[in-house]
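What follows is each chain in one-letter form.
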Amino acid sequence: MNQSNNYQRIKDNWKHDVKKTEQRFPERKQTFTTSSELEINRLYTPKESSETYTEELGFPGQFPYTRGIQPTMYRSRYWTMRQYAGFGSAEETNERFRYLLAQGQTGLSVAFDLPTQIGYDSDDPMAEGEVGKVGVAIDTLLDMERLFDQIPLDKVSTSMTINAPASILLAMYIAVGEKQGVSPEKLTGTIQNDILKEYIARGTYIYPPKPSMRLITDIFGYCHEQLPKFNTISISGYHIREAGSTAVQEVAFTIANGMAYVDAAIESGLEVDQFAPRLAFFFNAHNQFFEEAAKFRAARRIWAKIMKDHYKAENPKSWKLRFHTQTGGSTLTAQQPDNNIVRVTVQALSAVMGGTQSLHTNSRDEALALPTEDSARIALRTQQIIAQESGVADTIDPLGGSYYVEALTDEIEEEVNKYLERIKELGGAVQAVEEGFMQREIHQTAYEAQKRIESNEDIVVGLNDYKLEEEVNPDLLRVDEALETDQIEKTEQVRNSRNQTEVDECLKGLKQAAKTNENVMPHIVAAVRVYATVGEIANVLRDEFGEYTGV
Amino acid sequence: MKPIRVLIAKPGLDGHDRGALIIAQALRDHGMEVIYTGLRQSPIQIARAAVQEDVDVVGLSSLSGAHNSLFPKVVAALEKEGASDIPVIGGGVIPAEDIPHLEEQGVKKIFTSGAPTDATAIYIKQLMNQETRTAPKKVSHIGIAVENIEQSLAFYQHTLGLEVEAVEEVASEQVRVAFLPIGDTRIELLEPLSDESSIRKFIAKKGEGIHHIALEVDDIAKRLEQYQVEGVPLIHKEPKQGAHNSQIAFLHPKAAGGVLYELTEPKGEQ
Chain A
1 MNQSNNYQRI KDNWKHDVKK TEQRFPERKQ TFTTSSELEI NRLYTPKESS
51 ETYTEELGFP GQFPYTRGIQ PTMYRSRYWT MRQYAGFGSA EETNERFRYL
101 LAQGQTGLSV AFDLPTQIGY DSDDPMAEGE VGKVGVAIDT LLDMERLFDQ
151 IPLDKVSTSM TINAPASILL AMYIAVGEKQ GVSPEKLTGT IQNDILKEYI
201 ARGTYIYPPK PSMRLITDIF GYCHEQLPKF NTISISGYHI REAGSTAVQE
251 VAFTIANGMA YVDAAIESGL EVDQFAPRLA FFFNAHNQFF EEAAKFRAAR
301 RIWAKIMKDH YKAENPKSWK LRFHTQTGGS TLTAQQPDNN IVRVTVQALS
351 AVMGGTQSLH TNSRDEALAL PTEDSARIAL RTQQIIAQES GVADTIDPLG
401 GSYYVEALTD EIEEEVNKYL ERIKELGGAV QAVEEGFMQR EIHQTAYEAQ
451 KRIESNEDIV VGLNDYKLEE EVNPDLLRVD EALETDQIEK TEQVRNSRNQ
501 TEVDECLKGL KQAAKTNENV MPHIVAAVRV YATVGEIANV LRDEFGEYTG
551 V
Chain B
1 MKPIRVLIAK PGLDGHDRGA LIIAQALRDH GMEVIYTGLR QSPIQIARAA
51 VQEDVDVVGL SSLSGAHNSL FPKVVAALEK EGASDIPVIG GGVIPAEDIP
101 HLEEQGVKKI FTSGAPTDAT AIYIKQLMNQ ETRTAPKKVS HIGIAVENIE
151 QSLAFYQHTL GLEVEAVEEV ASEQVRVAFL PIGDTRIELL EPLSDESSIR
201 KFIAKKGEGI HHIALEVDDI AKRLEQYQVE GVPLIHKEPK QGAHNSQIAF
251 LHPKAAGGVL YELTEPKGEQ
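Chains as they are written, first to last, in full-length UniProt numbering: chain A, 1 to 551; chain B, 1 to 270.
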């Protein structure tokens, strides 16, 4: 078949897909125009077809998805505006959630405190001083019920930043759904559930890598049966970038981790197309606008090729890299915090230009403390202004075809592939993490970046140049220190009022399952229903699997 | 000389250790021996590690907001281990308002976000050589630029009721000065004697008003030397002769948000 026929064929496919999509998700307007009444096309393409275009770019919603994973992208629906929130008690966080939903946010994203993330109850000695600080404290199902009080789980999708104890929090989410009368197959959302990046960058691991991987594949298997609409993992480059990696390292290590999860799931007996459509990704957006936009486009293309060519997935849904983006926390400065609003705008725009499915914009005060209600609102408004006022969402992949952006996209793909090759030689991501390969690469990059800032080779506005002599101290959110005692008391009350025999039975069942190859998820769901605590369940698994202590 | 040994620790559950690792590397680049504890250390574990490793300083890093609770516990744990002589410093996401509380609880110094790694290294070196500086003892005087001393005196003498201690000319600076004691300190009126005088230039640019604040310090020479190492902008890199045989030096106003500070060390008792 000659080239222009081929081009015409895939273009026709796309047009057909657009028609189908429009039936389900009509475009936001009949016609899109600029302020001068110039009509905006759905998509702009090269005047002449070429092999590179059809193979490397193609059309939106078509392999290799460089230009986006949906045929109409934001012409039909904006990305999900999903602000990450959580602090203090379940009641306080519930109030912030309902405030954000009332302000037009379209999805929830829960931040848990560190004890919850590491599987300790609030009264564990290890939790001292940390309860409710960086997120909400959840010890039992009761806390989870209060967290989602008056929030119908069949109407919102919820993302939960939870990794080592993801199975426990997911089980609680299922149980809250049941209490609200929402069956598991209707639940939508994402659990982060990406343990490999915890060893690399974020540090909230509990168990050693191998049993952790088994917990993840247990979740894949359980959700395939019970929660078909739930994203079972969000493979995260965000924290890798925050730990100091470059954009290329972020994509490379994230995709390497993604491949490790696919390998583990296949090894556990699942078919690739059974779980791959529910894999999601999570990336960071830093300040270098074009590199960031190109990074997202490259990541999509790399993943599509890996899934189709290497893993031989047949379902196109398995080829699509869907991702959430958060703007870069580490790029924000404590100095002149209002400048951060501008940084976040540039970063958010790059994510939209890169075709993100959902977005969290950081608040201006995050280099100092958790966001206040005011700063959280400004962050959300930033997204709304980009969506509603800038017009950037009116045509698909507006940067596509830019000589610069396409060249950057190609180069990022090439550099990422070099890393993937190296990690493969080391024996895959799990092995590379155990040997500390990614950790060392990132620390080196982070230290060099710091030195460039201190020598003023790199300028950070307000930090090493354009400084103010006198900084105004902004109002900060403070978590009440009394919260810890209240939370401990609440958990003790639950322990005293539940049926202890039922709890012991369930934990025994879980222990048995952990020893064998049986899926642990049904046992965890049973345990949370009878109000076993996060710490009690995590401790059963600690006893069986051991604890990881770092490289 | 034995290199300085530093323990860098992450107390609590916070897993973000980019800052801790960068500081550890930077201190090594400054010739120190650095031990990093890794994540999730309890205060007692940190104190024991500090004793076992026989370190000179403990550096804590926390970004989770738990510093107010955890940092003082490390200080207390060191005391319990009989090692209260090991100073504790800290850094991370720590709001400025929390610093007084932490210092009161025995944390020597807090480096907030954006502090250059060099500042931490220099501070540790000074701490080890007992070179950390004491705060200036008092305001020696406040210098006020005036067009004409006689005309200005009316306010100070009659309205305020202060007494003039002395009026003298400082030829080298092309100024005439009047000193009026007030408590432990003085007001110094400065009148330009020629167009070359810096006071003339000051008045031309900003009008009459506060020109500088002079702080009385010990060992001015050493202090200037330290400031120079730290890159504090200075007008005088070495002390020069001031009135009454004192040693004086000016910092550049850039160092202090536009305020001109003079350091002065009065001559010894003999």
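The set of hints was computed from the structure by calculation and includes no laboratory data.
Each hint should be verified, as a subset may be incorrect.
Unchecked claim - Mimicking DSS-like on lysine-lysine, the simulated pairs with C-alpha atoms at most 27 Å apart in a straight line are:
1) A:K418 <-> A:K308
2) B:K109 <-> A:K467
3) B:K125 <-> A:K11
4) B:K254 <-> B:K109
5) B:K254 <-> A:K490
6) A:K451 <-> B:K73
7) B:K73 <-> A:K467
Unchecked claim - For the chain A half of the interface with chain B, some residues (derived, Cβ under 10 Å), not all of them:
8) A127
9) E242
10) Y311
11) A313
Even glycine gets a Cβ: it sits at the ideal position worked out from N, Cα and C.
Numbers of unmet hints, in rising order: 3, 5, 6, 7, 10, 11
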